[in-house]
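Asker: Listed below, chain by chain, are the residues.
4 protein chains.
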Amino acid sequence: MNFKEIIEHVYHKVKNVEDTGKLPTYIPQLANVDTENFGVYISTTDQVNFGIGNCYDKFSIQSIAKVLSLSLAYQLLGEKVWERVGVEPSGTPFNSLVQLETDNGIPRNPFINAGAIVISDILVSSLKNPKEDFLTFVRSICNNSDLNYSSRIAASEKEIGFRNVALCNFIKSFGNIKNDPSEVLEFYFDLCSIEMNCKELSETFLFLANNGQNVIDNTTILSSSQTKRINALMLTCGFYDESGDFAFKVGLPGKSGVGGGIIAIHPNHYAIAVWSPKLNQKGNSYKGMRFLEEFTTKSELSIF
Amino acid sequence: MNFKEIIEHVYHKVKNVEDTGKLPTYIPQLANVDTENFGVYISTTDQVNFGIGNCYDKFSIQSIAKVLSLSLAYQLLGEKVWERVGVEPSGTPFNSLVQLETDNGIPRNPFINAGAIVISDILVSSLKNPKEDFLTFVRSICNNSDLNYSSRIAASEKEIGFRNVALCNFIKSFGNIKNDPSEVLEFYFDLCSIEMNCKELSETFLFLANNGQNVIDNTTILSSSQTKRINALMLTCGFYDESGDFAFKVGLPGKSGVGGGIIAIHPNHYAIAVWSPKLNQKGNSYKGMRFLEEFTTKSELSIF
Amino acid sequence: MNFKEIIEHVYHKVKNVEDTGKLPTYIPQLANVDTENFGVYISTTDQVNFGIGNCYDKFSIQSIAKVLSLSLAYQLLGEKVWERVGVEPSGTPFNSLVQLETDNGIPRNPFINAGAIVISDILVSSLKNPKEDFLTFVRSICNNSDLNYSSRIAASEKEIGFRNVALCNFIKSFGNIKNDPSEVLEFYFDLCSIEMNCKELSETFLFLANNGQNVIDNTTILSSSQTKRINALMLTCGFYDESGDFAFKVGLPGKSGVGGGIIAIHPNHYAIAVWSPKLNQKGNSYKGMRFLEEFTTKSELSIF
Amino acid sequence: MNFKEIIEHVYHKVKNVEDTGKLPTYIPQLANVDTENFGVYISTTDQVNFGIGNCYDKFSIQSIAKVLSLSLAYQLLGEKVWERVGVEPSGTPFNSLVQLETDNGIPRNPFINAGAIVISDILVSSLKNPKEDFLTFVRSICNNSDLNYSSRIAASEKEIGFRNVALCNFIKSFGNIKNDPSEVLEFYFDLCSIEMNCKELSETFLFLANNGQNVIDNTTILSSSQTKRINALMLTCGFYDESGDFAFKVGLPGKSGVGGGIIAIHPNHYAIAVWSPKLNQKGNSYKGMRFLEEFTTKSELSIF
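Chains as they are written, first to last, in numbering that gives the first Met the number 0: chain A, 0 to 303; chain B, 0 to 303; chain C, 0 to 303; chain D, 0 to 303.
Worth double-checking, as some hints may not be accurate.
Each computed DSSO-like pair below joins lysine-lysine, with the alpha-carbon atoms no more than 27 Å apart [unchecked claim]: (1) D:Lys130 with D:Lys297; (2) A:Lys12 with A:Lys277; (3) B:Lys79 with A:Lys281; (4) B:Lys157 with C:Lys157; (5) C:Lys79 with D:Lys297; (6) A:Lys297 with B:Lys79; (7) A:Lys281 with A:Lys79; (8) C:Lys281 with D:Lys79; (9) B:Lys79 with A:Lys12; (10) D:Lys12 with C:Lys79; (11) C:Lys281 with B:Lys157; (12) A:Lys157 with D:Lys157; (13) C:Lys281 with C:Lys12; (14) B:Lys297 with B:Lys3; (15) C:Lys157 with B:Lys177; (16) C:Lys79 with D:Lys130; (17) A:Lys79 with B:Lys297; (18) C:Lys12 with C:Lys277; (19) D:Lys157 with D:Lys130; (20) B:Lys12 with A:Lys79; (21) C:Lys297 with D:Lys130; (22) A:Lys79 with B:Lys281; (23) D:Lys79 with C:Lys12; (24) A:Lys177 with D:Lys157; (25) B:Lys21 with B:Lys277; (26) A:Lys157 with D:Lys79.
Label-pair distances were calculated between CB atoms; the ranges are [said to hold, decoys possible]: (27) B:Lys130 with A:Gly174: 46 to 56 Å; (28) A:Gly174 with D:Glu35: 25 to 35 Å; (29) B:Lys130 with C:Lys177: 28 to 38 Å; (30) C:Asp216 with B:Asn31: 51 to 61 Å; (31) D:Glu35 with A:Glu82: 36 to 46 Å; (32) B:Asp179 with C:Ser150: 21 to 31 Å; (33) A:Leu22 with C:Asn103: 39 to 49 Å; (34) B:Thr101 with C:Lys177: 29 to 39 Å; (35) B:Thr101 with D:Glu4: 52 to 62 Å.
Only some residues are given here: those of chain A computed to face chain D with a beta carbon under 10 Å [as the list claims (entries may be wrong)]: (36) Asn48; (37) Ala165; (38) Phe173.
Think of the hints as simulated: they come from the structure by calculation, not from any bench.
For each residue, glycine too, the CB sits at the ideal point set by N, CA and C.
Please put together the full structure from these sequences, using the hints given.
Answerer: Quick look at the structure:
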């Protein structure tokens, strides 16, 4: 079977599975999404593309954007990034403050909220117009000038983002935030609000399956070594305290967002984006996880 | 460059690096090893083999044996194993008791001591003659009847293994140890005492690079899916709270032991064993980590 | 109203309160006690005594004995005791291992299990015949040669005492247990098994209300300063993570045991013992707590 | 010896002790204080008063004000206060966020920062003009219209109060802060900035030694039972993770502030204020602790 057949087969199978997930109630704007949405899109390094279901409907990519902000910071600062944030799985939920207290304000990795806030601080320091420049970066790697923030979603999160305000100020108290916390958080909430559909998401992330190069125009976004390292980080840390389980069952580097999206990378082969809004207990898309598990089982392809 | 040339090149480079590691002082018998020892051996799925340095000198494989005990338990019980132990990185040192208290005695993964003790309990329950049967299993996958426990090392660890006695009894207090703790620990200390040289180590682990099959006689040790899962676990959890760093820098599933050995697996390609006794702060071989980092950089091969 | 009248009044009131507590199921021998038992006995420094209910029925004093072992160790070693155990409330349950890991094996105080086990180790080192000598000490301060251990209770606890075995070995791994863990635990389980009735319990503890002196024969058990310090410790640490609540509601130094007994001290005035077997969620006697709260409210006497 | 003689004796003894403490560097305005300052003032319920040293020099009472805000909240809401904050020692430093995560945003007690911020939120909700009304309350119990906030100190703390911003927003994320975090913190920083000298401090707190009644005009500030409970809380929680040690060595309810002040209460007898700016490792006045320890030893008076 080829990818198209496998995706169709698994899509229809998982579509009918009972979805025991729940919408995230804490972000009002995400709680209103139609729970029936379910889309998949694959983009391969040899430029085969295929989508199914709601793969052209936009959704909030949320934490998936943390990989993009890290990529830009890594491009700008190189290995110096790791002086401010670690590369280890945290073993705790995405928004935990506990480890920061023992680790003196150095977040365990760039994909938990604490780490992504530190990366945001780096970008606020490094970019002239952080909000515009970051969007330009994302549009360029996706070859798509249509991508944008959702001010509605960003505003919704700002209103209830007390935990993130706490995280940012807590890290600031250790000296690992250099800018004004409110400025850093403004940028952080914006970046999490980017909207994409599955097609755009898989196309945006394809460079991570292509040794850091844009498949369309061959420009270099990250070096081969940097790309491998980001993939490694997604594998060990991309799903919070369900990262081990994702590596175990799916066997690909990936990243999830509370908007129900998941991106997964098969190095040298493809990027695949899945979207279904209801989340399991760990905050990852219920059907998205199921789809990817069955997809890698069926295709007998994983990095392991 | 082929493997042989890369290994020779990197070996000589790392051999001369200043070794800032330290021998583990808490196990008396391990503290007496010659710190100059440094060996490497690679075994590929297409039966190319090459060794250098002290690759024929035996050492105590220690925690590396946890992958072998897990493999046997997985072969015997299948997915039921995961009812007793998790698959998530712990984010804490190898011998921590803290998470057990919040996780009700279910260790985070089978490679921290707590998890390996639960796996030992499973084997004590499942095997007629645990000590003999486990050795038979290891000898068979290595096609080598010469392998054995070191009663001297096992005795040395029993004498000072208070932390492991604590772990085992703590888990027992939650009901997740079924046998007498002293019997479980007896088996646990034995299995950690197995001695191998780099050649034997890489040959023993080659089945994990070969979809679960013995390269020599084609017998099936684990299913393809089980093999991928063990590789995933080694990647996310094989190096305690340095697992993320190993994935990041080396990019291969692997497992280290306090005896200074490291095994790393490139699925479908090879198993490589490195040994150098001095350990970095996280308890992993200093030169072993360095060698593997440079080896995968030089060979431009990693799973990412 | 005098003590007798207040005690009678409060006793009858609390006797009829619905007891929402539960017997501790984890020690088989304690799970068989008649839950209707409810006794109170007061002994004053001016030798007024009064008891009511089941005040002459023996019960297992359990953790209350930790005050007696600490008293003997304090008598023998003086302030050197505090090099091995702290004087701070733990903020965690009685049998937690978590803090030991960050505190390098120094228990927070002598009344959590970890601390009492360290005190037991001190006594095993300091006494010729620990078991006999400790009993002699307790008998002498109670002027009662009838007191004894319950081998039945001690055996019952040894059988299921895995958590305490874990604690003792964990502390040993930090070097803060000097003797063989099994010898220390043997003594620890014995001392917790001492049986007394409310009358004996209040008489045994009366020296703590009498500046360290035996009321009957005026012998000095502890100095005035040492006595104050033990009273302070009982106030801040006597009820595990319910210590603040007991200070808040009852306002007296005290110590509870999982057998349902509580002793409370009003310095310079009296010692009062209460016994009722069903325990609240924190492991302290439900009716015992209620009785003492109403007793100090009614008598308008507390140290605050 | 009477109080005057004891105080003079101990004052001169401790004045010459080498002060190994350090000024708190994190609040710039507190780092500029003359470290030679050392004052003591006692006020008794039978209206004996005596002061020595810098007892008429004002200093920032800082966390000592938490007892006053709690007193006012307790007066206004009664036992309902305890639905929002606990009464247990925390076993952790004053500004820890860790326990809030496991305790769902309910601070362990009203004297750690988290708890005092919740009490501030209660007052912001309950008072018409929180800042003015609270000052009126403090002036009334001290019978002194001279007391005031220091806008200089408050501003200094606001500038660097990231940890408290984190705490407040973290608690808000659990729903246990009802007002806008910035409004609550504004009030919190103001209340901590109140300045008093030792005389004023001991007079302000004398009602806690007098069953809740103002010694001058006999007005009731708190009921007798409420007063005992606040004293109990000071004893178990007044000195963060040095509370046990203070109870152990000094044996009185008390509260310290990072400005170097300490107030201690002997119920039915006196309130005593000590001030010396250099702090020990736990953040309590080095000489203040020493003075009170020797004072209660010498006077042979403690609640135990």
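Asker: Out of the numbered hints, which ones does the structure contradict?
Answerer: 1, 7, 11, 16, 21, 26 and 36
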